[in-house]
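Q: Could you fit the two chains together into a complex? Lean on the hints.
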Amino acid sequence: MYKRILVAVDGSVHSKRAAAHAVFLASATPDVHVTLLYVLDYDKTRTDVIHSMSSEELHIDRKNKIMPIKEMFSSKGISSEIKILHGEAGPVIVEHANQENYDIVVIGSRGLNALQEMVLGSVSHKVAKRVHSPVLLIK
Amino acid sequence: MNVQSLKQQWFGNIRGDILSGTVVALALIPEAIAFSIIAGVDPMVGLYASFTIAVIIAFAGGRPGMISAATGAMALAMVLLVKEHGIQYLFAATILTGILQIIFGYLKVAKVMRFIPRAVMMGFVNALAILIFMAQIDFIFGISSLTYVFVGLTLLIVYVLPRYFKAIPAPLIAIVVLSAIVITMDLNLQNVGNLGTITQSLPGFLIPDVPFNFETLQIIFPTALALSIIGLLESLLTASIVDDMTDTGSDKNREARGQGIANVVTGFFGGMAGCAMIGQSGINVKSGGRGRLSALTAGVVLIILILVFAPLVMQIPMPVLAAIMVMVSIGTFDWSSFKYLVKAPRTDAIVLLVTVVTVVWTHDLSKGVLAGVLLSAIFFTAKISKVSVQKKDLPSSIENIYEVQGQLFFASVEDFTLYFEQNDLPDELTIDFSNSHVWDDSAVGAIDRVMLKLQEKGIEVTLTGLNDSSRKLLGKLAIHQDKDAKAPLH
Numbered sequence: 087m088y089k090r091i092l093v094a095v096d097g098s099v100h101s102k103r104a105a106a107h108a109v110f111l112a113s114a115t116p117d118v119h120v121t122l123l124y125v126l127d128y129d130k131t132r133t134d135v136i137h138s139m140s141s142e143e144l145h146i147d148r149k150n151k152i153m154p155i156k157e158m159f160s161s162k163g164i165s166s167e168i169k170i171l172h173g174e175a176g177p178v179i180v181e182h183a184n185q186e187n188y189d190i191v192v193i194g195s196r197g198l199n200a201l202q203e204m205v206l207g208s209v210s211h212k213v214a215k216r217v218h219s220p221v222l223l224i225k
Numbered sequence: 058m059n060v061q062s063l064k065q066q067w068f069g070n071i072r073g074d075i076l077s078g079t080v081v082a083l084a085l086i087p088e089a090i091a092f093s094i095i096a097g098v099d100p101m102v103g104l105y106a107s108f109t110i111a112v113i114i115a116f117a118g119g120r121p122g123m124i125s126a127a128t129g130a131m132a133l134a135m136v137l138l139v140k141e142h143g144i145q146y147l148f149a150a151t152i153l154t155g156i157l158q159i160i161f162g163y164l165k166v167a168k169v170m171r172f173i174p175r176a177v178m179m180g181f182v183n184a185l186a187i188l189i190f191m192a193q194i195d196f197i198f199g200i201s202s203l204t205y206v207f208v209g210l211t212l213l214i215v216y217v218l219p220r221y222f223k224a225i226p227a228p229l230i231a232i233v234v235l236s237a238i239v240i241t242m243d244l245n246l247q248n249v250g251n252l253g254t255i256t257q258s259l260p261g262f263l264i265p266d267v268p269f270n271f272e273t274l275q276i277i278f279p280t281a282l283a284l285s286i287i288g289l290l291e292s293l294l295t296a297s298i299v300d301d302m303t304d305t306g307s308d309k310n311r312e313a314r315g316q317g318i319a320n321v322v323t324g325f326f327g328g329m330a331g332c333a334m335i336g337q338s339g340i341n342v343k344s345g346g347r348g349r350l351s352a353l354t355a356g357v358v359l360i361i362l363i364l365v366f367a368p369l370v371m372q373i374p375m376p377v378l379a380a381i382m383v384m385v386s387i388g389t390f391d392w393s394s395f396k397y398l399v400k401a402p403r404t405d406a407i408v409l410l411v412t413v414v415t416v417v418w419t420h421d422l423s424k425g426v427l428a429g430v431l432l433s434a435i436f437f438t439a440k441i442s443k444v445s446v447q448k449k450d451l452p453s454s455i456e457n458i459y460e461v462q463g464q465l466f467f468a469s470v471e472d473f474t475l476y477f478e479q480n481d482l483p484d485e486l487t488i489d490f491s492n493s494h495v496w497d498d499s500a501v502g503a504i505d506r507v508m509l510k511l512q513e514k515g516i517e518v519t520l521t522g523l524n525d526s527s528r529k530l531l532g533k534l535a536i537h538q539d540k541d542a543k544a545p546l547h
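These protein sequences, in sequence, are chains H and R.
For my numbering, count along the first sequence from 1 and bump the result up by 86.
For my numbering, count along the second sequence from 1 and bump the result up by 57.
Pulled out of the complex, with its shape left as it was, chain R reads as follows (with noise of 0.2 Å):
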């Protein structure tokens, strides 16, 4: 794969990149909204968020052709935040994010996506889902029998027409088709404008109305470092799904540069933090965009049809926006994580269980992830960490070869010792470590300590088969070859 040049990548594809970028922001403005509900601010801040990060994207990120605005796996991790403080913090913590990723970015990284497991990546998404699905009960059950119908007819329009009809997206045609029954019918459903206006206005440059002290960092920091993990992982991920696709390389570490930059715009300028977007990135490229002008197409549609539609946007249903999130939280989630649930070995599967578990009880997909990171990597150290010492059976021969399997390290110790400590020995034996690998001073530490106790016994010991860097840990650490030493009592 090879990174295509800056002229390719903006003008490269002209016609594709137009027309896709129109086709997302028409299906991103639903979402912006839906959004913006979730994490309890006024539309405007989730559609000027996506105007300003889809723009700045466009001239700052490493992978053309990925669509970026406000994400839901941002909103989620603000709720408390806008809640608790208001949204003067919210602008100043998404300030702070951008800052942190451009700092992540510039430690490179990508790197670090290397660490987190798949099953840790698949509890990610599946929460996200169930986070994005959970947001919309409010909206659907328990209002009234008309809301239902809504819900209904819109799930109808957007899963049979695209099978028909793929011009324009589905869920755009079901708000235009059915806001227009509710307002000439006249009927009674809570809209957009009932929870936030939308005003016909550009984004302003402001700074945020929080004190600049030490209390206020303390507010915000705990936010947007969750927000800036948060980020980057949908980002990469979303980085990565697009280069297979497009066949084309992309720069992560630019790109996690990139989402900061767009990030510290936006909270200038009024808008929460975001992301890039899976779907939104899947609809780009499965409409044709491919280069930087699509995002930019993306984030200048969406504002022109704000500024002309808001009266209109205002009057979209509530129940028509919740089943159209409820598409989107289905498109998310990871369905073929149920065969590997069942194919996947116990510790990737109850990994992927606790991912999820802990995002949906805590609301916080950056603590899911790190629960499962941590939880893998505990499995992956006891993995590793199985030591056996094994009597060679040679009958021919009258040496008595111990053959120790695995590596040797912290984790691993006792199961060589106590080989040593509870089996009957000879006289004379030599211990093998073809088949090992001494990694720590407690690795050395044990063998000082089976080495002395042997000793103390009378018996013959002989090391062999220690690779090099094996035998250079032993040689600056070991002290069993001192003759006043002791075996340590404990």
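Only chain H is shown next, with the shape it has when bound in the complex (with noise of 0.2 Å):
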């Protein structure tokens, strides 16, 4: 059973449906721990800084973004912890997928933007090839 879950978040509907199936996957296992991983680019922290009052205000609107995420998994009795990580999505979710060692990733196959999807190319698909471990694509 997987024990272990990294689901990758971004507060798009892909993210959420993705948070949906691991839901599924993890109210089978008893002890199973989620890890709801929030990744930030440069121009999304540009974005948040100047959206936001204060550095106070810029946390609780992260992390309200991700609540709802969160609330799909306790109000299953499922344990899960919000991660926010700084950096280009790909990249920071691989090499923090990798170092924890995650017994499954699930993540949706497209991200918040098509144009940015089209210069920087496919998160997903930089996930599915790098991650050692088995991972879990949502169409």
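Check the hints yourself; a few may be wrong.
[To be verified] Computed from the model, here is a short list of chain R residues facing chain H with C-beta under 8 Å:
#1 P174
#2 V182
#3 S297
#4 I298
#5 D301
#6 D304
#7 I335
#8 G339
#9 V342
#10 D391
#11 Y397
#12 V399
#13 K400
No lab work stands behind these hints: they were computed from the structure.
From the three backbone atoms N, C-alpha and C, an ideal C-beta is built for every residue, glycine too.
A: Below, the structure written as structure tokens:
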């Protein structure tokens, strides 16, 4: 069974769907722990800072964005934590996943922005290719 | 978040800092030249400034890993001064800008940033992006079809190439490849050399050639004040972004003083005032730069490159440079503002638009910020100055309790007094202030006025629910207990 699950989230519809499948995956397993990884790149960081009055507000806003997803897990009694990291989404997810040796990584097939995907390439593709543990790609 | 030790700030990330600093130097060259052209000065002025500012900030700044140099925001604010009074006055204004920033730094300016609403911040970056774009129009449109071709080619390279190859900044590749094409095919395009000269020499110490009198101060002070505000605003905003990105803290007031020191030195070495750069700091952090060494490297590599390649830099075609600046402006624009405009409260949306329009109108970012801050202060006052009075509906009680809701101060007293003047009142009543706060003498005056008017009509009034500070203020200023007091007639 998969006891340590990593779910990549970004507040998009796709990542919510990925989280729903992670709930499904985790609910059958006792002692399961889910990590919700939210990666902010430089542009997102820049936007967040411009859009918030203070660093306290910034942190609350971000937590609030991920809270509904965490709620999906806690309502089923699944233990979960939010982890926020900075950098380019693909490489950061890959590095974190390989460092922490998760049993499985769950990720949505597309992110927030089609244009970004065109310029930067697909995050899920990078993750599927380079993460050592099994990767579940949610379409 | 914690501030790292000085040793950590300098030598904690040597390899990453030298590498990223070099990448930044390469990306800085076209921007420093383009911003000089915007300001109406020789490219060397921006290049020297970028060198001195980056190097001084490496030592004096408060946010390791942040890149400062000649910037568009500053260049735009000095155009008029340069045009009307010449370059020597710009050097003097740069020094004065630095002095003002050092003073602001000691006055702990970082706290003031809290008073700048987000809508104004969005307006600031968006207006900056629009102005940078507008400054390129003359170099792109209505020149020749060959110009359009090179603009298009540049945009293609800078947007598509990074997908496949990231080690060297794409703008630099565009410059090298397209300049080579223009030179070998001997194409007729305007280049940097047509707009100014680039000399292969280090900057030297100079004292601005201006008369040292009150008249000079009158000329440079408004520009210097605008520059110091713009510079600090962009620098402290960038510092917050780098803080968040790297999950480390920074000393914002030290950064303000550092920006000041850098500008003072820059003015004495023939450079234009500058500040931190959101875009370049992003490139630095993304390329692995974290420490002070990255800014030092960026400055030193930049000046070495200029000393070696000056004749080639002159050959950079203007359409290529202009297209790169279009990319910079697109990157500067906060695209999520559109979503914000739809979702945000109407007043915030208006503040954003007024900030942008003011800047585009006046070409001065500081005026836009001022307009935005003033407007949002007015909106804020309007929002909290709503006071309502309501009669409590207590059927079983014979008491008549009137409840006051809201902040009672100079802007809100009218609603309060009007209620008691316009409504029919019983002979005996209580005014409950449990959900209110009495802020100033206007509020006390209003209470006096209501009390005296009601007493004149023979109505007996009791005040309840006043909190401590409200009661103190009332006790100090109120006159309604005075038997001889009369209600004012107007």
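Q: Hint by hint, note whether the structure agrees.
A: Cross-check of the supplied hints:
no.	hint	in the structure
1	P174	7 Å, holds
2	V182	6 Å, holds
3	S297	5 Å, holds
4	I298	5 Å, holds
5	D301	5 Å, holds
6	D304	7 Å, holds
7	I335	7 Å, holds
8	G339	4 Å, holds
9	V342	6 Å, holds
10	D391	6 Å, holds
11	Y397	7 Å, holds
12	V399	14 Å, violated
13	K400	11 Å, violated
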